[in-house]
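Student: Input sequences plus hints: build the corresponding full structure.
Per the UniProt record's numbering, the sequence shown starts with residue 1, numbered consecutively.
These aren't lab readings, by the way, just hints derived from the structure by calculation.
Among the clues, some could well be false.
As the list claims (entries may be wrong) - Below, in silico cross-link-like pairs of lysine to aspartate or glutamate (DMTMM-like), each with a Cα-Cα straight-line distance of 25 Å or less:
#1 15 x 66
#2 181 x 156
#3 181 x 127
#4 72 x 145
#5 108 x 66
#6 59 x 134
#7 108 x 156
#8 60 x 127
#9 72 x 156
#10 108 x 134
#11 72 x 110
#12 67 x 134
#13 67 x 142
#14 59 x 49
#15 108 x 142
#16 71 x 156
As the list claims (entries may be wrong) - Label-pair distances were calculated between CB atoms; the ranges are:
#17 76 x 29: 36 to 44 Å
#18 178 x 147: 17 to 25 Å
#19 108 x 20: 49 to 57 Å
#20 150 x 17: 17 to 25 Å
Where is the CB? At the ideal position from N, CA and C, for every residue including glycine.
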Amino acid sequence: MMENILGTSSRGDRKMIERNRRSHMRVLCSQLSSLVPHQTSKEMISLPDQLGEATNYIKKLQIKLEKMRNKKLSLMGINNNEPNISGRQSYNNNNNNRGIVMGSKSPKVEIHHMGSTLIVSVITGLDCHFIFNDFIRILHQEQADVVNASYSVLQDTVFHTIHCQIGESSNRAQRISERLKRFVSGSGGAF
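Tutor: Okay, structure coming up:
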């Protein structure tokens with residue numbers, strides 16, 4: 001009698017687990033379907049067709065993303081069509097005396113001064129590990145208040161953006177700009 005009760009209980013557990021799994025899958029499929037733009041058809045689409053639409057949509061997005069990456073690289077003046085043997089784009093090897101190893105590309109800096117705001121944009125390779133920290137340190141030394149600092153990575157390129165408040169002094173903006181550019185070129189501006 002005890003075996004019969006245990007057997008029934010485990011069968012019931014399996015049924016409940018399967019019911020929960022199916023319910024969870026319905027919710028996930030519904031969420032996926034809501035993210036995919038549909039045709040204006042009013043008829044119900046079967047689950048396999050919904051998954052097929054989602055797959056095609058994701059593939060189209062991947063192609064669009066790759067085209068946008070290539071366009072961004074071409075706008076930045078990076079020739080993405082000449083990979084080296086390893087398949088990665090080759091750049092000049094540079095080292096400077098600040099502990100920044102630049103095996104892939106040397107950093108580029110742009111500084112925009114608008115009123116009391118200074119926006120610092122830096123483009124580096126993945127191997128410029130400390131430049132972001134060094135820029136923040138220089139800005140703090142120059143008594144600039146960092147309001148926002150962020151970065152994004154695209155393939156082997158890192159885009160850093162630092163927004164800071166410096167007051168209305170154009171002399172301060174000029175001094176910070178020169179110091180950051182000297183730091184990047186490796187010609188001075190020691191801390």
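Student: Each hint should be assessed against the structure and marked as holding or not.
Tutor: So, going through the hints one by one against the coordinates:
With a C-alpha separation of about 45 Å, the suggested pair residue 15 and residue 66 falls outside the 25 Å cut-off, and the hint is violated. Proposed proximity of residue 181 and residue 156 is supported: the alpha carbons are some 22 Å apart, at most 25 Å. With a C-alpha separation of about 19 Å, the suggested pair residue 181 and residue 127 falls inside the 25 Å cut-off, and the hint holds. Between the alpha carbons of residue 72 and residue 145 the distance comes to roughly 31 Å, so the proposed pair goes past 25 Å and is violated.
Distance hint between residue 108 and residue 66 is fulfilled; the C-alpha atoms sit about 24 Å from each other, no more than 25 Å. Proposed proximity of residue 59 and residue 134 is contradicted: the alpha carbons are some 40 Å apart, above 25 Å. Among the hinted pairs, residue 108 with residue 156 is consistent with the structure: their alpha-carbon atoms are about 14 Å apart, no more than 25 Å. Between residue 60 and residue 127, the direct Cα distance comes to roughly 32 Å. Violation of the 25 Å bound is thereby established for this hinted pair.
Only pairs whose Cα atoms come within 25 Å are accepted, and residue 72 paired with residue 156 is accepted, the gap being roughly 13 Å. A C-alpha spacing of about 14 Å is found between residue 108 and residue 134, which places the hinted pair at or below 25 Å, so the restraint holds. Between residue 72 and residue 110, the direct Cα distance comes to roughly 17 Å. Compliance with the 25 Å bound is thereby established for this hinted pair. With a CA separation close to 34 Å, the supplied pair residue 67 and residue 134 exceeds the 25 Å bound.
Of the pairs offered as hints, the one joining residue 67 and residue 142 is violated, with about 41 Å between alpha carbons and a cut-off of 25 Å exceeded. A distance of roughly 15 Å separates the Cα atoms of residue 59 and residue 49; the hinted pair therefore holds under the 25 Å criterion. The suggested pairing of residue 108 with residue 142 holds, with an alpha-carbon distance near 20 Å, which does not exceed 25 Å. Between residue 71 and residue 156 the alpha-carbon distance is near 15 Å, which keeps this suggested pair within the 25 Å criterion.
About 40 Å separates the C-beta atoms of residue 76 and residue 29, a value consistent with the hinted range of 36 to 44 Å. Between residue 178 and residue 147 the beta carbons are some 22 Å apart, a value that agrees with the proposed interval 17 to 25 Å. Distance hint check: the CB atoms of residue 108 and residue 20 are about 54 Å apart, consistent with the given range 49 to 57 Å. Judged by the Cβ atoms, the range 17 to 25 Å given for residue 150 and residue 17 is violated: they are separated by roughly 44 Å.
Violated hints, in rising order: 1, 4, 6, 8, 12, 13, 20; the structure is consistent with all others.
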